[in-house]
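Enquirer: Starting from the structure of chain R, add chain V where the hints point.
If you read the sequences in order, they're chains R and V.
Under this note's numbering, the first residue of the first sequence is numbered 1, with each subsequent residue one higher.
Under this note's numbering, the first residue of the second sequence is numbered 1, with each subsequent residue one higher.
Everything labelled a hint here was simulated from the structure, so no lab data went into it.
Mixed in with the good hints, there may be bad ones.
When the alpha-carbon atoms are kept at most 30 Å apart in a straight line, the in silico DSBU-like pairs for lysine-lysine are as follows [what the hints assert, rightly or not]:
no.	chain 1	residue 1	chain 2	residue 2
1	R	Lys-5	V	Lys-140
2	R	Lys-102	V	Lys-14
3	R	Lys-102	V	Lys-124
4	V	Lys-51	R	Lys-102
5	R	Lys-15	R	Lys-5
Under 7 Å between C-beta atoms, here's a sample of chain R residues computed to sit facing chain V [what the hints assert, rightly or not]:
no.	residue
6	Glu-19
7	Ser-20
8	Pro-23
9	Ile-86
10	Ile-89
11	Ile-90
12	Phe-93
13	Gly-97
Here the structure is a predicted model, which means the values were calculated and not measured.
We put the beta carbon where it would ideally sit given N, CA and C, even for glycine.
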Amino acid sequence: MEQQKVDMFMMMNNKYFPESQIPYIRERLLAGDENREGLLHSLQFKDPTISLILSLMCGALGIDRFYIGDTGLGIGKLITCGGFGIWAIIDWFLIMGSTREKNLERLMSVI
Amino acid sequence: MKSEEFGVIHEDEKERASGCYVMSLVAVMIGLPMPIINLVATGIFYLMSRKGTYFVRWNSIQALVSQVPLFVMNNILFWWTIRILFCFTELSSVYIAYFITVNLYNIYDFVETVRSAVSTRKGKVHEWYLYGTITDMICKR
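Okay, chain R solo, but in the shape it has when bound (with noise of 0.2 Å):
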């Protein structure tokens, strides 16, 4: 891919992946196939933030488990309460990273 438009979409998107990882992704779309471009504008990411805020008001019932795409653990999370409340409170820490991590193996499932 061109360097402006890998530019352009690290400007965009930076804040959806870890940034450690930063490097590595920029280096894997300017070696990507041009065919690709499409359906990686088509890529949906899910905020960290929004997640942060569904793990503080409901991460009891698993919403944010479910909203990043972990739909097991969610339904872990729904049926013992949040881990008996210790869980939630593990993944106020936890989700932002989480789902840093679930954007990277989307965009790496892409290119």
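Expert: Chain V in isolation, oriented as in the chain R frame:
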């Protein structure tokens, strides 16, 4: 301080490592009548950070190690207090001395946890007395 040993530390690593100390504080506050909650919470946090970088793992292990004595001391105090409240044993000066010791230790742990959370967020490593050495022995690169 051994911050140099960890190499380049990214912002998300600092955030996550700092999060484990803040989480242990929140867990202590929320689960205060039941001391097991903070130990379980830091344990799960460590399990979730096992695949993280050395910096994140080191700090989550230190947070976990620091919770073990706290759990034991708070647990003994909790059940001792329950026994006194339900008249299984009498209030003694030994209990009062232990109560003061545990409270002082809790305050020390609170201060150290806050210091660790702040310095970790800045990318520095705050080694606790004794726990830092134990963490070094447990945490592999």
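Enquirer: Now tell me if each hint is right for this structure.
Expert: Quick rundown of the hints versus the structure:
1. The straight-line distance between the Cα atoms of Lys-5 (chain R) and Lys-140 (chain V) is roughly 41 Å, outside the 30 Å bound, and the hint therefore fails.
2. Note on Lys-102 (chain R) and Lys-14 (chain V): the hinted pairing holds, with a Cα-Cα distance of about 19 Å set against a maximum of 30 Å.
3. Straight-line distance between C-alpha atoms of Lys-102 (chain R) and Lys-124 (chain V) comes to about 28 Å, which keeps the hinted pair within the 30 Å bound.
4. At roughly 15 Å between alpha-carbon atoms, Lys-51 (chain V) and Lys-102 (chain R) fall within 30 Å of each other, so this suggested pair holds.
5. Between the alpha carbons of Lys-15 (chain R) and Lys-5 (chain R) the distance comes to roughly 17 Å, so the proposed pair stays at or under 30 Å and holds.
6. Interface hint at Glu-19 (chain R): satisfied, since its Cβ lies 5 Å from the closest Cβ of chain V, which is below the 7 Å cut-off.
7. With a least beta-carbon distance of about 4 Å to chain V, the hint placing Ser-20 (chain R) at the interface is held under the 7 Å criterion.
8. At a threshold of 7 Å, the smallest CB-CB gap from Pro-23 (chain R) to chain V is about 10 Å, leaving the interface hint violated.
9. Satisfaction of the interface hint for Ile-86 (chain R) is found here, the shortest Cβ-Cβ separation to chain V being roughly 5 Å, below the 7 Å cut-off.
10. Proximity of Ile-89 (chain R) to chain V holds as hinted, the smallest CB-CB distance being about 6 Å (cut-off 7 Å).
11. Interface restraint check for Ile-90 (chain R): the shortest CB-CB distance to chain V comes to about 5 Å, inside 7 Å, so the restraint holds.
12. Contact between Phe-93 (chain R) and chain V, as hinted, is supported at the beta carbon level, the nearest pair being about 4 Å apart and thus within 7 Å.
13. The beta carbon of Gly-97 (chain R) is positioned within 7 Å of a beta carbon in chain V (closest approach about 6 Å), and the interface hint is therefore held.
In summary, the structure is inconsistent with hints 1 and 8 from the numbered list given earlier, while agreeing with the others.
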